[in-house]
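Participant: This is what each chain is made of:
2 protein chains.
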Amino acid sequence: MKKIDTLLECRWIAPVQPRAAVLADHAIAIDGGRIVALLPLEQARLEFAPQARVTLPHHLVTPGFVNAHTHAAMTLLRGVGDDLPLGRWLNERIWPLEAALVSDQFVYDGTRLAALEMLRAGTTCCSDMYFYPEESARALRDVGMRAVVGIIAIEFPTAYATDAEDYLRKGLGARDMFRDDALVTFTLAPHAPYTVADSTLARIVTLAEELDLPLHMHVHETAHEVTESLTQHGVRPLARLDRLGLVSERLIAVHAVHLDDTEIALLAQRGASVAHCPSSNLKLASGVARVADLMSQGVNVVLGTDGAASNNRLDLLAEGRLAALLAKGVSGDAAAAPAAAILEAATLGAARALGLAQRIGSIEAGKDADLVAFDLSEIETQPCFDPLSHLIYACGREQVSEVWVAGVHVVRKRQVVDASGASISAAVMAPLPAWQNRARQFLNVPA
Amino acid sequence: MKKIDTLLECRWIAPVQPRAAVLADHAIAIDGGRIVALLPLEQARLEFAPQARVTLPHHLVTPGFVNAHTHAAMTLLRGVGDDLPLGRWLNERIWPLEAALVSDQFVYDGTRLAALEMLRAGTTCCSDMYFYPEESARALRDVGMRAVVGIIAIEFPTAYATDAEDYLRKGLGARDMFRDDALVTFTLAPHAPYTVADSTLARIVTLAEELDLPLHMHVHETAHEVTESLTQHGVRPLARLDRLGLVSERLIAVHAVHLDDTEIALLAQRGASVAHCPSSNLKLASGVARVADLMSQGVNVVLGTDGAASNNRLDLLAEGRLAALLAKGVSGDAAAAPAAAILEAATLGAARALGLAQRIGSIEAGKDADLVAFDLSEIETQPCFDPLSHLIYACGREQVSEVWVAGVHVVRKRQVVDASGASISAAVMAPLPAWQNRARQFLNVPA
Numbered sequence: 001m002k003k004i005d006t007l008l009e010c011r012w013i014a015p016v017q018p019r020a021a022v023l024a025d026h027a028i029a030i031d032g033g034r035i036v037a038l039l040p041l042e043q044a045r046l047e048f049a050p051q052a053r054v055t056l057p058h059h060l061v062t063p064g065f066v067n068a069h070t071h072a073a074m075t076l077l078r079g080v081g082d083d084l085p086l087g088r089w090l091n092e093r094i095w096p097l098e099a100a101l102v103s104d105q106f107v108y109d110g111t112r113l114a115a116l117e118m119l120r121a122g123t124t125c126c127s128d129m130y131f132y133p134e135e136s137a138r139a140l141r142d143v144g145m146r147a148v149v150g151i152i153a154i155e156f157p158t159a160y161a162t163d164a165e166d167y168l169r170k171g172l173g174a175r176d177m178f179r180d181d182a183l184v185t186f187t188l189a190p191h192a193p194y195t196v197a198d199s200t201l202a203r204i205v206t207l208a209e210e211l212d213l214p215l216h217m218h219v220h221e222t223a224h225e226v227t228e229s230l231t232q233h234g235v236r237p238l239a240r241l242d243r244l245g246l247v248s249e250r251l252i253a254v255h256a257v258h259l260d261d262t263e264i265a266l267l268a269q270r271g272a273s274v275a276h277c278p279s280s281n282l283k284l285a286s287g288v289a290r291v292a293d294l295m296s297q298g299v300n301v302v303l304g305t306d307g308a309a310s311n312n313r314l315d316l317l318a319e320g321r322l323a324a325l326l327a328k329g330v331s332g333d334a335a336a337a338p339a340a341a342i343l344e345a346a347t348l349g350a351a352r353a354l355g356l357a358q359r360i361g362s363i364e365a366g367k368d369a370d371l372v373a374f375d376l377s378e379i380e381t382q383p384c385f386d387p388l389s390h391l392i393y394a395c396g397r398e399q400v401s402e403v404w405v406a407g408v409h410v411v412r413k414r415q416v417v418d419a420s421g422a423s424i425s426a427a428v429m430a431p432l433p434a435w436q437n438r439a440r441q442f443l444n445v446p447a
Numbered sequence: 001m002k003k004i005d006t007l008l009e010c011r012w013i014a015p016v017q018p019r020a021a022v023l024a025d026h027a028i029a030i031d032g033g034r035i036v037a038l039l040p041l042e043q044a045r046l047e048f049a050p051q052a053r054v055t056l057p058h059h060l061v062t063p064g065f066v067n068a069h070t071h072a073a074m075t076l077l078r079g080v081g082d083d084l085p086l087g088r089w090l091n092e093r094i095w096p097l098e099a100a101l102v103s104d105q106f107v108y109d110g111t112r113l114a115a116l117e118m119l120r121a122g123t124t125c126c127s128d129m130y131f132y133p134e135e136s137a138r139a140l141r142d143v144g145m146r147a148v149v150g151i152i153a154i155e156f157p158t159a160y161a162t163d164a165e166d167y168l169r170k171g172l173g174a175r176d177m178f179r180d181d182a183l184v185t186f187t188l189a190p191h192a193p194y195t196v197a198d199s200t201l202a203r204i205v206t207l208a209e210e211l212d213l214p215l216h217m218h219v220h221e222t223a224h225e226v227t228e229s230l231t232q233h234g235v236r237p238l239a240r241l242d243r244l245g246l247v248s249e250r251l252i253a254v255h256a257v258h259l260d261d262t263e264i265a266l267l268a269q270r271g272a273s274v275a276h277c278p279s280s281n282l283k284l285a286s287g288v289a290r291v292a293d294l295m296s297q298g299v300n301v302v303l304g305t306d307g308a309a310s311n312n313r314l315d316l317l318a319e320g321r322l323a324a325l326l327a328k329g330v331s332g333d334a335a336a337a338p339a340a341a342i343l344e345a346a347t348l349g350a351a352r353a354l355g356l357a358q359r360i361g362s363i364e365a366g367k368d369a370d371l372v373a374f375d376l377s378e379i380e381t382q383p384c385f386d387p388l389s390h391l392i393y394a395c396g397r398e399q400v401s402e403v404w405v406a407g408v409h410v411v412r413k414r415q416v417v418d419a420s421g422a423s424i425s426a427a428v429m430a431p432l433p434a435w436q437n438r439a440r441q442f443l444n445v446p447a
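Order-wise, the sequence lines are chains A and B. For the first sequence, the numbering used here assigns the number 1 to the initial residue and increments by one for each residue that follows. For the second sequence, the numbering used here assigns the number 1 to the initial residue and increments by one for each residue that follows.
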């Protein structure tokens, strides 16, 4: 019998690779943070002597979800400007509050809160874009989550940095700080076509190639962005990005709501990814991305929650359900974006986009053990004919019972725990009242 | 001090009437199943001597949700035909399975399951449309839920009834059975324009007036339905219904996805209601109802989950969030369908549509105590600037902590309980494996 750290005995496993597979009564053997075998339960019991054995008799186990786009720290501004038109939301709420509040501590405290919410919703890795990326990385790692952190670039000054050069220098410094943490990787994150100059984008393309980093950027979020670009640059934003060399398999085009057929073909041809954020796009009235068309053209569609100021949940399963429903409703094809495609978008597709497909995104021997167990035994998921379609159409985040990141059991019975097994919720929530009061005072909102 | 049954001491209350109000640190006094007072906490403690005092220090209390359209028993077919085009979904899955399985026992067992799911999601009342309505009423009442049951009419025979006349006779008989239960009321529920003949509809209009009942009917769900009616009747379905006298304030037009401006104006002018079922409409690729337009024209828009075969959740809060997001994304106005309007649609609006506005739908003295407490203290709802927008945009059904129906405390700490306080989940789930096996055998699907 081989000694291993952990054996998960699962009623069902959706390994993602091969797509749409569901294995009944299988086990996952974990050792040294990695998956060492995926095999029938009876066989696993004969073959392995685990230190910890976890019985998941009513559960579906999937790869950990990968949230391809968020601004994690903005959980501190959750619900601060709901039901406002986009202009008022930005000008009266988000931008003034960010100018007043954002600091290293804000990013650390807000990102820890976000990380707990994401872990409890089955997300084991997120691609973040915000100021003070070193604080975002530190917060995500502190609570046991895998981090992909954006080296943000934007032309205008903030408390964090003075100009694009300063943003890049600081972001690259953050990358150096985490070079020894295998669970932290980086993207280059030019904010958007309308906030980053050509010269900065050219520099970023060079850096991306030198350092082998993905490009994480808001692209074609609103119709306004497209028309403004036509006025200022004479071309649509994606054409400008393409001229500058950004449209490649490195690109994660976030939102990509307003695309014409030529642009979808371009993204497909170049092997770019689209990070679809359906809740945010609807809530800010940006529109609906053409997901059925993107998928049918072979574009790698992945999923993001966006920040909690425009969603207001960091719940990738909710985004997956919404993506599946919207793709059907808007395309008129009830077979569009089926459950297996959505699960792949939330896992292996995002891992591919982030350059992590060799390590995460599917349940295969050799990959890191980033795993989620969904309890399908409750009223809400009974009866169960197909655990995979149940995951997307019937489950909520409340069905997430257990989560592992690189083999570490970080969520136990819905509680995010530390190494001793104690819940860390209270510690993560402790700084919140002070931030809430500062935001309220600034907005002159009564408690 | 006045003796009362129960005092709820609430951090926040959203009484719905007046719209958008949120009361902080207020109490709800309940006696004999009714709300007897809504007043500041300190005052309530001086004024009332309750038998039971419930402390809700981190909670938002709202009126119980009213699910305006469901086929409750279809929970037994949850997820049985996902990701299929509408035609295959109906012809290969739903209709054959219904023909093979539906019986009085199927309706009772399926509706009890649905009722537990709805109660745990804050729904205290549902408007059901299915075969064997007496079994649906019995099941809903057995687990403590308020019931509005459709007297279904359809021209073709089923195990339940032979022809429209037989459906109506049996449905009216069901109504007689429950005449002494104040928590059961009825609608007349002609299935759809394409399944009910003019003569039957004329009979139903007469019955509705004689018995003072609402009309609960699928209307303009698909584009196909509209074109077929043009072919067969020379007019669109709504025009045909109007000619027959069905378009009045009694009408709850379910789905109403495909409406032109004239039809929206007609519904507004007649005071009809629309039961919007956004998940189902998207999932079956029917389209998106024009909710922002309906609301701005003054149509009473209410919310429904539809059945679990096309959703697959009986979760009115999820429908509310989706309705709010879709209305914004499709209309291009981020201020469309604000949180307060959605809460009203899920409560008082539906009560109005069902003729129950004098008894439920808002938290006011004299109304029945149908109430839900949402716990806003968890990670997912922190920080909290506005409990009402949090309810719609951040909460999930997992935040539902306590539920009362007519003053009876039916959900305690997320468990549906009997009079002794014991959970009834196991009893409700006991018949499920047998139904699941029968469905699997019929479909020739392996376990």
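Mixed in with the good hints, there may be bad ones.
[Said to hold, decoys possible] Reference listing, derived: stretches of chain B covered by chain A, where coverage requires no fewer than 3 residues with Cβ under 8 Å from a Cβ of chain A:
| hint | segment |
| --- | --- |
| 1 | 35-46 |
| 2 | 80-92 |
| 3 | 106-118 |
| 4 | 282-296 |
| 5 | 384-391 |
| 6 | 429-440 |
Since the hints were made in silico from the structure, they are not lab data. Built from N, CA and C at the ideal position, the CB exists for glycine as well.
Participant: Could you run down the list of hints and mark each one as holding or not?
Facilitator: Okay, the hints, checked on the actual structure:
no.	hint	result
1	35-46	violated (count 0)
2	80-92	holds (count 7)
3	106-118	holds (count 3)
4	282-296	holds (count 7)
5	384-391	holds (count 5)
6	429-440	holds (count 7)
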